[in-house]
Structures are given as structure tokens and as C-alpha cells.
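A.B. asks: Take a look at the letters that make up each chain.
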Amino acid sequence: MAVSKIQNQVSFTQKPNIDTNSGNVNMERLLPLPRKHYLNHNEIPDSVNRIRPEPGQGHLLNGGFFSSLGRFFSNRIYDIKSVYKGYTGTANDHQLGRTNDVGLVLGGLGIASFLTTKRIATMPKHMEFIGLASFLSSMALWPKIGIFGPARAVHGFDADKRYIDDQGRNKSVFQDPNYVPFELFRGDKKSEDISAIADYMGISKDAPNRNEMAKDQMRKVATQNHTLWMLTSGVAVPTLTALLCNGFERIYEPLLVKYKNSLSDSKLNKMYETLINSTDKKHTTPKPAKKIANQIRNFATVNRSEKVLTGEQITNFVNTVAKDAGSGVSAALAKDIRAILAQPDKAVVDNKYIEEIAKNIEAKFQGHNLLKKGIVSFDEIVRALCPIKAPEKNAANDKKPSADDIIKAFKEGKELTKDQVDDVIKKGVLLDKERVNKAITKAVNDKLAAADFTNTNNIPAEKIRQRVIDMAGNVIRNNALLPKSETYVMTESAANNIKSIAGAMGEYLYNFRQLRGINELKMGNVADSMDAYLWKKLETAFTNIVYPNNVFTSKSFKPLIDNTSDIEKTAQANIEKLVKDDERYAKAIKKIDALKTEYLKAVFGNDERQYIQYNEFIKGNNAHGGVNWNARTYSDYGTQIDKYLEIETKLARNFYEGIEGNKRGLFNNLLTTITNNQNGNNFGKTVTFHDAAANVKKVENFVTACDRIIHSLDIYRRAYLNPASKHVEQDLFNEAKHNVISAQSNDFFARFNNRSKSVKFRQYMDLIFAPNKYLDDLTKANMSEASRYTMDGWIDKLRALLFNDKKNWQYSEFGHNNCPIGDTYKDNLLSTPDARYRAQGKNPVEFLNQGLKNSYNSNKWLRMFGGLFIGVFSLSVIAQFFFGKKDSTIPLEKDRLKQEKLNQQNAIDNQINQELNEELEGEAAHAN
Amino acid sequence: MIPKVTGETVNYAAGRKEHRNQMQQKKENEEPKVLSSNIKNRMMSGFHRTANAFTEYPAKGLKGDINSNFYEFLAMGRVPYLLGSATFIGVFNAASQFFDSRGMQQSKKIGLKLAAGVIFYALAKTLSKDLITRPVSWATGIDIEQPYLNVVYPFPKVILSEPPKPNDKNNNNETPTRIIQDLDPQYQYQKLWESGEFPRIDLVKPEFFDKVAKKNGLGENLNSAENEVKPILKNVISTATTASRVSSFLWAACGVALAACGNWDSYYDTYLSGTKLGKNPIKKDAPFKDKMKARLGNFWQHTKEGTIALKETFKTSAKEFYNGAPGTKGFKKHAGKVLFFTALGSTVFGVANTIIRARNMSKNLCDPDVIDRSKDSMAV
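Quick mapping for you: the protein sequence lines, in order, are chains P and S.
Just add 53 to the spot in the first sequence (first one is 1) and you have this note's numbering.
Just add 2 to the spot in the second sequence (first one is 1) and you have this note's numbering.
The following block holds chain P by itself, in its conformation from the complex (with noise of 0.2 Å):
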């Protein structure tokens, strides 16, 4: 387009002075017309008509912010075509290099996609990207932030200006310093104008070609500058993308933690309308569960023709069925299809089992002298089992018959050639077991009728062989010579069982494997889950409240991880001084507080207070898993653990009431698994909450550790304000503020009832387990209601623990009657370490020591990884003042306004001194 532009330009003011036919050129035309110089070609007016080149359309870019974030996008855009033209053979060496930058991140996300395959965890999985994306925008920002930023401060202007050239192509100015596109500096911008450049360099006004020394001063320094990039780059760049890394976790975690919650709230909300509250009768079963169902039904049908299963089968099939079912289903399914399959009665004979009757006979019979003369051989008993038929004449015209037809005959006992007895023997065939007996029986007795008695003292021979036959009779009796094997067959009727569990089986496993999809996001395992987040969180907070500031002391944690009585000793302390101040005080019981409240609001809704009446309905149940599923209306309170063991309940009601009654009887492991009904005949009160339970005791867990925590601040408050009162003694306080920062799961009881029952004891417990009475009131101030109410509920249980054995005088007491923990209650709450661990809650020194590490640890990382960085960019901004330095012959701005001080000071001088030499002159004429 530009050439035929400058061809329609072509135009000439004279005659046309090349005549083409004759060649003869006018001379005229070569003489030199009047030039006008340094006269830019743009402003050429018009009226002078003259060949002249296209006005230049390259340009500088400038750097604002929306430009050049407009421009990240145009140039992705030129990025992929480039990789298009560049597979088309079409691609200029400008956008084969960018093909480079697309291959890096092609590359960067196969990487990235690969490796989240090999995270569990959501967010770790999201990490991977994200730390593709910190390092791409490490690659870019680094040379802004650290290089090119300084330098501009320094020198004055932007060593990675970029330009866009004529065709259109985005390139950096300065990259080959061969090549500098100086003309584009046309001074628009005081950031394009050399000049204004050569004042921020101080490059003295009058020089001589200041604009050239200009230039070469920004060469240099950008030259220096790309070269500094280069060697910085290795290792500010890694360290850049592990502080974004980090920094984006801490931002995104909290965030993608809330969203899972969130997810995972309206997914059960969800559910719950669909299976309690719908009520649309119109049930549509969803494809996954149909899928369950036809797996069952087509195991059942496939097999159905009286085929024989092996026990790994039926584990086989089972395992794939019902994995993920929770524990304990896919065996009790496993346990009820075997039942139903067995055949006690039945065995599939073939060669091996013969074999080994053979040898059966053989060890029972070998070590008697006339019992030995009854052992058959293999072929022996198969020709009891079917007679062989001598082979016919006319066989050949006959019509063969099928292998079905052969193993009808053979299980008649019709006679067989000898090739189809092989042959149904070696491919096995299912017999009963009475039959195999009797023709061994059979086989046994024709070798002892046969078998020569007649050596024997004066007895006649008949009568000692019919002796051996009945010896031999009662060794074969009740099959004792045949193998122990389980034979398991489809039947027709045992078919029609299993099926008619597939559809109730297939809803049931899939809505249980969505129910606990559900809960993983809330509950699960990972790290990204509400409750490992707030553990997490819960473990920064205690840490950072018993050891403030600790950013900048970690280094002093080091000595004190791991070891126990030093955190003690050094926690106590800084508790101690932490308890002085009110406001730290009140500000720290708040923060874990909060936590607290953050964890009873995820589990029980908006209204956490709702975990008070849980509190109450669980009390009166046992917490081990069967939970009175009438006792309470769920609907009432609509909390999400609510909804979660209501699903659970229908679950299981559906499925028992999913199969027909009299099958019931024949899934009895099933049903006592899914529903815990103990003979499965009815649906009784109590079911198995599989999850719930495990979500019960994961609050409880949580609960109780920050009401430890707040426990233990408390009792230092009360040591702080009643120094040795006359109610409570110094030491006593000094055991408590020991005991319940520092006691183990092992120990906490022991460290009690080691104690006699002694005053001083009854003393120690009211100073600890009396929140009631002695709870400071600023502590009491900064819990929420629901707070305080599962701090008493602690207590109390922890109390009922200890001294609810109805022998002991403690608890009476006390005074806490109403205390509702019954003793099997007790029993059941102190039966494992896990139940005792939840009773008392996270031992605090075994808290920080965790927090220690994490922070010494996370500390440890940011100080290396922030020290480098910092190293690398403090290094590049004090390399800036080594590079420009100026050249001897530059003149400088300084020293030529110096100059012209001291020329104006020496003007005024000479003006002075002339002024007093004609003075002087003036006087002297006086005076003459």
C-alpha cells in the first residue's frame, strides 16, 4: 500500500522531463533546485511537488498503566498469530521469536495440568497455575520493578521504552544498541525529548552536539542496564515468583476455603430439597445410581445359568460396586451375596477335585492293612461317577451331541463314551455333594469285593471283607473325604435376590458418595477444608497471642522447638505479662473466641447458638454413632449438621424400604451396616451415622481446644488478680497454671487423682473446674453467648469425668446435680485415647510447640527467599550510580554554571577594579 501510495505521489511540477519512448532525458531536470535544509519532509508544503517518502508510522509507546495492559492483550493476540503465520511458512524473524514466548507457556501449563494430578487437595492443585501465572508476571515485572524503574530515577529515562516500528511491529528501543531508533525521539513528550533527557543528565546547555552526547549517554546506560537485567534475572526472578506465590496463598486461601464451605452448604441444601422436602412424587432416579443398579443386575444376569463364582469374584465385583460406601458396607454386602450363593451341598468336580479325593482315600486308608486294599485310583472313581459306554459301531452316523446334551447325560449317570467323560471332568461340572460320595462309596466297595481276603487267620474271607466295607463305609460317610470348598451358584431364584436389592443399593451408594463429597468440602481431610483451616488458623492465633511480633524473633523459636519445658517455662511468662494488660488481654480471649464461633457458624448456620441445643439433644444420646434418629425434628433447627444426619437417616430408610420385605431377611450384614438394625426385619430407631458421627466428634474436637486455650488464659488471670487470696493459695495456683497449659492426654486424669483427697485438692478442682464462680468477668465479657455455654458444657463433662463415680464425694460436692452425664456416658466418653483426647482438649504447649515450628519454619523461608530478593534489588539500584558515568569530554551543567559564576564574579570584579582604577586615575588627575 505504502509503494502505491508514493507512486500516485509521483507527479512532476515541469513537463515530464524523462521521455520514455526516446529515452532522451532533459537535462533540466538533474539541476539541483534551491534545497531548503533541515526542513522536516512532513512540512513540505504541498504545493512543492516532489517524490518523497511516506510519513514515518513508527512511534514511541508511553507506559501508563490502561496502554499498556491494553497492549498485553494486543500483543497475546500478535503472540498466537505468530505461532499460526509461523506454521503457515508465513512468519517474519519478529514473530518467530514470539513463537518462543507461546512454547514457554504451552509448556508452563502442560506442567501445570500434569502436576495437579499428583495434589490431593484443591488448593495445592490451583498453587500449580497460580505459580505458572507468579512466574510469567515475575519474568515481566522484575525488569520493571527492579532495573528499569531505578534506572529511569536515576538517569532520567526509560531504558525499556518500547516502540511500535512501520510495519507495525512492538520492539524494544535500546535491545540492540547497534540499532537505536533515535529518530523517533521527536520530543512530544518531555519523556521523548532528548534535550529534556540531556538536562536530567546535567549535560552542560552550550555544548557542542549535546543531543549526540545525550544519545550515547542513553546507549550506555541501557546497555548496562539489559545487561544487568540478564544477570539478576537468575535469581531474582525464582524468588520473586515464591514471594507472589506466597503472598496469593494468603490471599486466596481464606477465599477458596469460603467458597468450598459455601459450595458445599447450598450442595446440601440442595440434596436435602430433593430427598426431604420435595414433594414431588414423580422420583427419577439419576443416571449414576441406574448405573449402580444395572452393574448389580447384570452380575445377577450374566451369571444366572447356574454358573459358579469363586469367592475373589464376589469380593471383586463388590469392591467395585460399593468403594467409597463408608466402612463396612461393601463387606456386609460381600458376607449377603455369599449366603445367598452358597451351595453347601454342591461342588464342581473336575480333575483337581478327584485328584485330591484320590489322595484323601489314599492318607486315610494307607495305614490299615485291609482298609489299604480298598484305595481307587482317579480313574477308578470317575468311572463310578458315569459309566463308560463301549463305543458303537455306527457312531460315526450319528448325529454328535452337544456339550450340553453331554453334561445332562452325565449328571443322569447315562453312560458316556471315555473321551466326553474326560472331557466334562476336565472342564468341571457341578454335582451334588451326595453323589460324589456315593460313587466313591461305589468305587471303594467293587475294589474290596474284587480285593483277595483269603490270607487271614481262621476267619472266613466274606466275613472280614464285609467288615472292611463297612470300616470303609464309615471313613467315606458325611462326606469326610471330599474337599473343603465353598461353591458359590447362580441360581435362578438366588439371581432374582440380588436383583431386587440393585435399584434401592444404586440409589443408596450414590447419594451416600454424594452426601460425602459434600461433607470432604466442609470436613474432609485437606488442608483447604473449614476445619483444617481453622485448625490451622486457630494454631497462628494461640501462637501469636503467647509470642507477639514474632516476625522478627523467630530466630529465638529454634531452641524451643520440640522441647517441651522450654515452651512452657517461656510461654507461662509471656502469659503472665500478657494477662497484665486488659486490653491485650480482652483482645486475645476475643481472637480465639471468634475462631470458635467462625467454626460453630460453618457447622450449625448463622445462628451458632444453635450448637447450644445440639449441645443438649446430643447430651441425651450416645455420641459413638447411633443417634435416636425420632428424637429430635431436624426440620426445627435446619442446621447443616442437622441436614446432614437427617439425609444420612432417610438414606438408610429408603434403602430398607427399598426392598421388598421378605428379602429383607436374606441382607441382614447390609442392613445392619446401613441402618443398624440388628436382624434387619424392621427399621428401628437408631441408624449408623457414618459421617455424622465423625463430624460430631470433629466439632467437639475444635470446641473444646479453644475452650482450653480460653480456660487456661483464665486461670493465669485469676493467679494475676487474686495474688494467694484467702480462698485460693499461691502454689495451688501455680499447680493449676502448670497442669492445664501443660498436661498430655496420657497424663490429664493421672495428674488429678494423683492428688489425695485432700482439701487442698477439693480446693484445686473448684479453682479450675468452676468457671461459674470464678471465670474473670472480663473473660466472661469478651465470649459469645454460645461460647460461654459450651465453656460450661466442658467443664461440667470434664467434672462428671473425673468425679462422677457415684462413690466419690467430689462431685456431690460440687454441687452439680443437674449435670446430665450419665455413667455410661462416662464409659463411653473415656473408652479410647481419641474419645479421652476429646474430653480435654488440645494440650496448649503441644499447640505452640506446632505453631513454632510452622512459624519458624514460614519465617525461616521469607527471610531467605525475601533476603535474596532484597539482596538482588538493593545490588541493582546501587549498580545504577555506577553506570552512566560520564565521559572526560562531556561538558557538564555544573561545571559550566560554576564557569559562569565565576566569570560574572569576575566581571563584577574587573568592574569593580576598573570603577577604582578610574577612581584612582580620577584622584591622581585630582591631585595633579
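A few of these clues could be false.
Chain S stretches covered by chain P per the calculated footprint, using a threshold of three residues with CB under 8 Å from any CB of chain P [unchecked claim]:
hint, region
1, 69 to 83
2, 233 to 242
3, 252 to 262
Only pairs whose alpha carbons sit at most 30 Å apart, straight line, appear in this in silico DSS-like list of lysine-lysine [said to hold, decoys possible]:
hint, chain 1, residue 1, chain 2, residue 2
4, P, Lys-171, S, Lys-110
5, S, Lys-293, S, Lys-131
6, S, Lys-339, P, Lys-197
Simulated from the structure, these hints should not be mistaken for laboratory data.
We put the CB at the ideal spot given by N, CA and C, even for glycine.
Guided by the hints, dock chain S onto chain P, whose structure is given.
C.D. replies: Frame of chain P, contents of chain S only:
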């Protein structure tokens, strides 16, 4: 004789004249020359670029030298790669000693995994380029990796010596003397077909064009093979370069994925982090010969066992990469396969695309409707 750079001051005019003579001589002696595309030359070129990228080029660049050029800037582009990898590996491995035992193990594990990843990335990226360039070179006769040794004559730099001090009575010169620097030619290992717009066709012999014309089906004894081959050359440079750029990054991704599978960390831990496996005891007061013998024995044993373990580790990780970790399904199971076949596909497509396009172009050129070869033609 050219004046030495170091501090020797010369008369500027005389220096200039001498310099000019010297330059002329050198120009006659040193011309850019094409190197054969063998492993030695390619390694030499890599070594030359890398060594200079860490030494001479930054020294020049940091001074803002007028002779610091774009080639040197591009060569320095590998510094961040190498230094960055070293930083990544170094920081994680060095950091491990500061952490507590659990943190140390974690950090070490990450560090070793990273090290494996970085090494595999670099290996896969470098080696996979041949998957494109070799077949293209065989099929079209154009080897885009073809190196040549470029000779660049720098700008003679004339700088002023320090101006004489006013009080120096020994110095009679009134004007400062001049020093000439940087007169030796600079060598650059470049690639003939790096640029599609300015391919160095001036450096190859005419036989090259005949060979390429023949290989791509343009025929033999052409009037002007150079003119006919040029568009094909340009096309191949574009397609093959794009293909090798894109696919080499995908292969590099496969390399990282491979390092993430299997237990490379335990291999590294056992065989590379200094744990001596040899069982020959080295006694302190034993004679030197015996000690050496024991050491060599240990080294040999270590190497032998290490090689076997390397093979085994590679096998298991390749299996896990391709088949997925045991017990996985869906994307988790097949991600490795997808990545592998994407890389393989991009390679096969890249090669096929390059060759077919080159062939098609020559077919079009041979089309009598385009150029009638039976008639005489003249290059215009």
C-alpha cells in the same frame, strides 16, 4: 603492530593508520565460515556462547561498551535459565539444614524433586529439538541448526588519556594522548538459517541450492537454483523453527512430569547427595596406594549400583508417567498419556507440516502454468 590496549599511549594519527592496515589484513584472513553440523561443533558453539555469557559479555555490557551487541545480549539470555535453576535447587537444598527435622525432610524432598525436574526439563528441551530438525534436514536438505562462525570487527575505540596536569613539568604535550582499544575480531557462533528474512545464503556454496532443489523435487540442472530455492528455504525456516519451539517446550513438560513420577528423590538422596555406598573401609594410616585402591573400588561400586538404580528409577517413573499412579482413574490416570501424545503429536505435525509445505511449494513452482521450464528464462 597494533598498539597494546593496556595503558600504552600512542599518537592517534599513527595509530589510526596502523589500525587501518591491520584491519585490511585481518579482513583478508578472517571471513565467516560455515561449520559442519556435527555434535562437536554444536557443543563447541554452546560452550562458547555459555562461557562468554558468564564472562566476557557481561563485563562488556556492564561497562556499556559500544561494541556490546545484540548477539551478546541474546547469548546472555541463557544466564537467567542456568542461574535460575541453580537458585531454585540451591535455595531449597540449602534451606533444608536450617529447618527442624520434619521441615528439613520436606524441604529436601522438594529440593530434590525440583532438581530432578530442572534437569529433566533442560535435557528434554535440548534433545527434543533434534526430533524436528533431523527429519526436516534429511527430507529437505535444510538444517536449521546449521552453525557458522561469524567474524565481527568491532568499532575501534579511541579514548583520551588523562589530560596533562598543569603543574607537571615533565609532560610537554599540550593535548591529551589517545588510546586505541578493541581491535581484535570477535567470533560469534550463529546459525545460518536463524533468520527467515536475512538468511545467510551468501555463505553457502551453490551446490547447496542444487541439493535442496533436488531433494524437494524441483529437479536438477536448474538455471538459477538459488532463486527457486529461496522461497522454500524461507518457508522451511518459518515452519521448522515454530515446530521445534513449540514441541520442545512440550517435551520439556514431559520431562518435568517424569521427574514428578516415581521416587527420584530417594534415588538422588542415595546416590547423588554424597552418601558413600562403597563398603571398602578406608584406614587412616594405610599407605596411599591402598587408600586409593579402596576409594576407587568404592567409587566403582557406587557408580555401578547407581547406574542400575538409575535405570530402575527411570523405568518405574516412566511407567507411572504413562499409566498413571496405581489406583487412579480418569484425568489423573491419563494425564501423562495426554501430555506425551500432545508432545509427540506436535512433533509429528511439525515435521509433516514442514516437509509437505516445502514439497507443495516446489510442486507449484514446477507447475507449467506457473513457469514453463521448456522455455529459456532469465533471472531479472
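A.B. asks: Hint by hint, note whether the structure agrees.
C.D. replies: Hint check results:
1. 69 to 83: holds (count 9)
2. 233 to 242: holds (count 6)
3. 252 to 262: holds (count 7)
4. P:Lys-171 - S:Lys-110: holds, 18 Å
5. S:Lys-293 - S:Lys-131: Answer violated: Lys-293 of chain S to Lys-131 of chain S is near 45 Å, above 30 Å.
6. S:Lys-339 - P:Lys-197: violated, 39 Å
Comparing the model with each earlier hint shows violations of hints 5 and 6; every other hint is respected.
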